[in-house]
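Given chain A, put chain B in place with the hints provided.
Number of protein chains: 2
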Amino acid sequence: MHIYSPPLRDISFALYELAGLVRDSYFPESEENASEVITAVLEEAGRFAAEVLAPLSRSGDKEGVNLSEGQVHTATGFRDAYLRFSENGWNALSCPVQYGGHGLPRLLSAAVNEMWKSANHAFSLCPMLTMGAIEALSLYGTEAQKTTYLPNMVSGHWTGTMNLTEPQAGSDLAAIRTRAVPHHDGTYRLFGEKIFITWGDHDMTENIVHLVLARTPGAPTGVRGISLFVVPKYLVREDGSIGSRNDVHCVSLERKLGIHASPTCVMAYGNNEGAVGTLVGKENEGLKYMFAMMNAARFAVGLEGLAVAEAAFQKAKSYAKDRVQSRAIEGSVNPVAIIHHPDVRRMLMTMKAQIEAMRGLAYTVAAAQDHASHHPDISVRQQQQSFVDLMTPVIKGWLTETGNEIASLGLQIHGGMGYIEETGASQYFRDARITTIYEGTTGIQANDLIGRKVVLDEGKAARHLLLQMRTTLDEMTALKDSQWEECVRQLARGISSLECAIDHIVGHYKSNVQSVAASGVIFLKLLGIVSGGWIMAKAALASGKQIQAGSTDGFYRTKIETSHFYSQHFLPLAPALAEIIIHGGASVLFVSTDEF
Amino acid sequence: MHIYSPPLRDISFALYELAGLVRDSYFPESEENASEVITAVLEEAGRFAAEVLAPLSRSGDKEGVNLSEGQVHTATGFRDAYLRFSENGWNALSCPVQYGGHGLPRLLSAAVNEMWKSANHAFSLCPMLTMGAIEALSLYGTEAQKTTYLPNMVSGHWTGTMNLTEPQAGSDLAAIRTRAVPHHDGTYRLFGEKIFITWGDHDMTENIVHLVLARTPGAPTGVRGISLFVVPKYLVREDGSIGSRNDVHCVSLERKLGIHASPTCVMAYGNNEGAVGTLVGKENEGLKYMFAMMNAARFAVGLEGLAVAEAAFQKAKSYAKDRVQSRAIEGSVNPVAIIHHPDVRRMLMTMKAQIEAMRGLAYTVAAAQDHASHHPDISVRQQQQSFVDLMTPVIKGWLTETGNEIASLGLQIHGGMGYIEETGASQYFRDARITTIYEGTTGIQANDLIGRKVVLDEGKAARHLLLQMRTTLDEMTALKDSQWEECVRQLARGISSLECAIDHIVGHYKSNVQSVAASGVIFLKLLGIVSGGWIMAKAALASGKQIQAGSTDGFYRTKIETSHFYSQHFLPLAPALAEIIIHGGASVLFVSTDEF
Chain A
165 MHIYSPPLRD
175 ISFALYELAG
185 LVRDSYFPES
195 EENASEVITA
205 VLEEAGRFAA
215 EVLAPLSRSG
225 DKEGVNLSEG
235 QVHTATGFRD
245 AYLRFSENGW
255 NALSCPVQYG
265 GHGLPRLLSA
275 AVNEMWKSAN
285 HAFSLCPMLT
295 MGAIEALSLY
305 GTEAQKTTYL
315 PNMVSGHWTG
325 TMNLTEPQAG
335 SDLAAIRTRA
345 VPHHDGTYRL
355 FGEKIFITWG
365 DHDMTENIVH
375 LVLARTPGAP
385 TGVRGISLFV
395 VPKYLVREDG
405 SIGSRNDVHC
415 VSLERKLGIH
425 ASPTCVMAYG
435 NNEGAVGTLV
445 GKENEGLKYM
455 FAMMNAARFA
465 VGLEGLAVAE
475 AAFQKAKSYA
485 KDRVQSRAIE
495 GSVNPVAIIH
505 HPDVRRMLMT
515 MKAQIEAMRG
525 LAYTVAAAQD
535 HASHHPDISV
545 RQQQQSFVDL
555 MTPVIKGWLT
565 ETGNEIASLG
575 LQIHGGMGYI
585 EETGASQYFR
595 DARITTIYEG
605 TTGIQANDLI
615 GRKVVLDEGK
625 AARHLLLQMR
635 TTLDEMTALK
645 DSQWEECVRQ
655 LARGISSLEC
665 AIDHIVGHYK
675 SNVQSVAASG
685 VIFLKLLGIV
695 SGGWIMAKAA
705 LASGKQIQAG
715 STDGFYRTKI
725 ETSHFYSQHF
735 LPLAPALAEI
745 IIHGGASVLF
755 VSTDEF
Chain B
165 MHIYSPPLRD
175 ISFALYELAG
185 LVRDSYFPES
195 EENASEVITA
205 VLEEAGRFAA
215 EVLAPLSRSG
225 DKEGVNLSEG
235 QVHTATGFRD
245 AYLRFSENGW
255 NALSCPVQYG
265 GHGLPRLLSA
275 AVNEMWKSAN
285 HAFSLCPMLT
295 MGAIEALSLY
305 GTEAQKTTYL
315 PNMVSGHWTG
325 TMNLTEPQAG
335 SDLAAIRTRA
345 VPHHDGTYRL
355 FGEKIFITWG
365 DHDMTENIVH
375 LVLARTPGAP
385 TGVRGISLFV
395 VPKYLVREDG
405 SIGSRNDVHC
415 VSLERKLGIH
425 ASPTCVMAYG
435 NNEGAVGTLV
445 GKENEGLKYM
455 FAMMNAARFA
465 VGLEGLAVAE
475 AAFQKAKSYA
485 KDRVQSRAIE
495 GSVNPVAIIH
505 HPDVRRMLMT
515 MKAQIEAMRG
525 LAYTVAAAQD
535 HASHHPDISV
545 RQQQQSFVDL
555 MTPVIKGWLT
565 ETGNEIASLG
575 LQIHGGMGYI
585 EETGASQYFR
595 DARITTIYEG
605 TTGIQANDLI
615 GRKVVLDEGK
625 AARHLLLQMR
635 TTLDEMTALK
645 DSQWEECVRQ
655 LARGISSLEC
665 AIDHIVGHYK
675 SNVQSVAASG
685 VIFLKLLGIV
695 SGGWIMAKAA
705 LASGKQIQAG
715 STDGFYRTKI
725 ETSHFYSQHF
735 LPLAPALAEI
745 IIHGGASVLF
755 VSTDEF
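Those protein sequences? They're chains A and B, same order as listed.
Each residue of the first sequence is one higher than the one before, counting from 165 in this note's numbering.
Each residue of the second sequence is one higher than the one before, counting from 165 in this note's numbering.
Mixed in with the good hints, there may be bad ones.
Note: identical chains are not told apart, hence a pair may lie in one copy or across any two.
[Said to hold, decoys possible] Restricting the straight-line Cα-Cα distance to at most 20 Å, the calculated cross-link-like pairs of lysine to any residue (SDA-like) are:
1) Lys485 x Ser335
2) Lys485 x Asp758
3) Lys226 x Ile584
4) Lys674 x Glu586
5) Lys624 x Ser550
6) Lys644 x Asp403
7) Lys452 x Ser490
Keep in mind the hints are simulated off the structure, nothing from the lab.
Please read all numbers here as calculations on a predicted model, not as lab measurements.
Chain A with its partners taken away, still in its complex shape (with noise of 0.2 Å):
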């Protein structure tokens, strides 16, 4: 039976020829040789990812996670999967060398996550959110909490949890109650519950540290009120050795649809004598520190679309590739693999092409991330984040959404097996689900794109994004190849489409909030569709390159047909798209809340 095959083809080109990794480009915090650390990160991530993470997902799935007095146990193969990946130094890839990190780009990084969740997505969360909180507590930790929890923490060693989340106060972390009271000694008492906290508790590591968000006696009321604690599991002593149990606890676990290895836990904060925890940076910011936590916890949850994407096409194309049944279409005397069926290969494409799209698109971001922070011109600096500001939104909820509806392609070819839940195939299919949810549904996503992405400043982001698929457009219709003309058609039709609804909502948005908000969501699908457009003829572009310059290299040649099967499958989808945002906003409040 398939399992996972790291695509590290496609993985390379992405890298290389999409998203410009310089075979010996410069590891700002790394003194070691690019070209062959990359080579070797890549490969031995994907040796891992299939031969020890991929193995634990179906048995995962099946056997989930349990709480017996008190403690959270994970299930068999986790903690010892886990403890190799720390011991590999997987945990440190990307983190500060100054707490013992690697210090590679992000850029790389995303390449081995996307690996790290296609082979076992369940798992992948625990490390996902201990970077979170490095990232966090590098920036605004103090001297004593980096010094006391980051060593430990970018081993892997201990893991990270994010705690924002309260049963009445989900997106809306204005309404959260968690109190942390000032001790004497400097230190706070937390009391509170948090819910849906990932890998909350767990057998795998010695200790957990939680970053969570509460109020301080006379707060301000709403989000500026909200300050960030740092609360271990176990307290640590000022030799760095394992203290006292800490007060808090999880108290029960959550059955959901997927992702079953991954507890989900209600957290339970000074049931007793208080949580002790230390204060992050200064009062009621926490709401900002917070989200230098989620946006990267956004980006990474975007790749999750990806990756669970990746991983049911692989197991669906197994699977198409072996089923024999049915004669051919056109006529065949034998039965034949459905593969060759028109509509299965339909939606073998339709995964693949937009697979594609999407890792392109997620690499292009991490390096912009990776320029953001190291680039030596701050004026390039600044223009960076401002597209990974404007992309972050777009490759959370477009991944996420796209993920799912390739998961559950991917469950259809497999036929009245992919409802069987020993296929496998099913998996993905709730696994995936989450990942509109998680982080900010796909309509907070929308609302972050329209509301502070494109109008805070008046669309300066967004048409410069234009500007940059008009360059790529350009360089297509420059080559007057016919091969192309299609794909120019489609693309200039599909950057039109989009710059007009960037205007609709640039224009109309201050003056008729709620029915452009009612169009974000759509918004955000037609951005995410033209991006990966552009992203497919730039991909394209560089295929025909290489065949010029003489590669017999078969991909390539597939990376141009998947490109043309994209802008003829997708692009099309533009225009209609800018009209119901044009145009249909309006109608989505015309019904008053009491018809329904």
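Okay, now just chain B, sitting in the frame of chain A:
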């Protein structure tokens, strides 16, 4: 917690004002007074669905079914509910009068079936399969078979099943291997394994009547050598009493993604002396007989798409009204119920508008089924049958694909809670997922639609539908009312797009069958969306007339607003889909099998 409220107002509207049910209509096989009967049936069925079936849906999902000592045991409460169901005469509703049925029209039975399916999808499959078996036996059974089985099946005293699939024969029935060996007494002995047999065994009735496809010795290979047999779980004695156990057994149950309370059985025929069966009709004609069941079953599965969507919608809107989270985007002092947020409203409208379009379309097709059977004019009967034939794959394919999208939106509206199984939104998402697969995948429906229903008569039936749509369009245009302008424009463009696609398919199917077939599912979707637009335009016109005639029922105003939403959010996709169908087929096949 909200469970299920029968949507009787919209059901009545669809029955009377869209599908043309006449209040004092002539019920061909029933002597009952129609107007009183219809109202009583709908209200009582709604009550039974809400009070008896709906409460068992969640518990049935959790408990599932189990097999012990060769006998399948259903979830708690199912047996009692089934007894009440058959005692109350629900099973007999649309069955032939001569076998104890009530002979009510299929149109009315569609409405009633929708309610069973919304309330309890898993339960509803049992009577649905019985109905299919009754249909096949009434049409093709011998007198002895009819006398022996039909009265008990019509009353619901015994249930029926369809046994088609074998491990190597899923979509491809040509590959069936089950053997039927003639016995000296005129019966047959069956040997073979059938899989995916819905309600193949259970403990709700004393007998189960299996209709089984098998091959007689020396039968031609392929589908021309398949015969249909009746194989009861318990043999029936001459006097009609239950005799000895037949050699047919459920040997295992599938663990599925959803519909957990519906047993999906692996059935072993003839593990010992052979399962005793009798031939239905003639040898080697089994496929034709089975299609009599299958077309009814395909329509019924289409209804499941509508039904699960309605149930998911009800749950989501109830949650959206209750859940308070975040301030209004246009400004509010306090957080508001999430139904107030524009994106949540858009999701709810997306659900509502498509549900109403699906219901109107499905009931219109059900009415055509009645006319095709009972209209006095043979040319009307033929025309109505052509419409039914054309639309059956659309009802099956479009309603189920849309039902899946709607169930997913329902989960999305619940946010993180939607991912927790306890909430119940995920059950609809899981249950819905089988509907695009069983009774022929969407791809199979699309092949049937373009190959047999559109191309075979050179587009005649499809173009007749275009004419009907244009009649509605002309009626709306003639009103010269500015409020309809946009709807007229959208519907006109939708119809033209559909026409272009039909022309393309009819014109290119023979010369280029692969690339035309590659767009089959997209064409099915296009035909569904434009048909939905046509139905919603009819709904708007009917509502406008009621308002003009003085009605103050808010339902009609809401219907018009919902129709506007439909035309602005779905019809814009029509030109895009037509473009993909006309230009995108070839690119599906560019990448060779080896490149996957």
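Do the hints match the structure? See the list:
1. With identical chains, the CA atoms of Lys485 and Ser335 are at most 20 Å apart between copies only, with a shortest distance of 16 Å across copies and 43 Å within one.
2. Proximity of Lys485 to Asp758 under the C-alpha cut-off of 20 Å is restricted to the inter-copy arrangement: shortest distance 9 Å between copies versus 52 Å within a copy.
3. With identical chains, the CA atoms of Lys226 and Ile584 are at most 20 Å apart both within one copy (13 Å) and between copies (16 Å).
4. With identical chains, the CA atoms of Lys674 and Glu586 are never at most 20 Å apart, being 52 Å at best within one copy and 40 Å at best between copies.
5. Taking the shortest Cα distances, Lys624 and Ser550 sit within 20 Å of each other inside one copy (9 Å), while across copies they are farther apart (56 Å).
6. For a Cα distance limit of 20 Å, the shortest separation of Lys644 from Asp403 qualifies neither inside one copy, at 69 Å, nor across copies, at 84 Å.
7. Proximity of Lys452 and Ser490 under a CA criterion of 20 Å is satisfied inter-copy only: 18 Å between copies versus 58 Å inside one chain copy.
In the structure shown, a violation is registered for the earlier hints numbered 4, 6, in ascending order.
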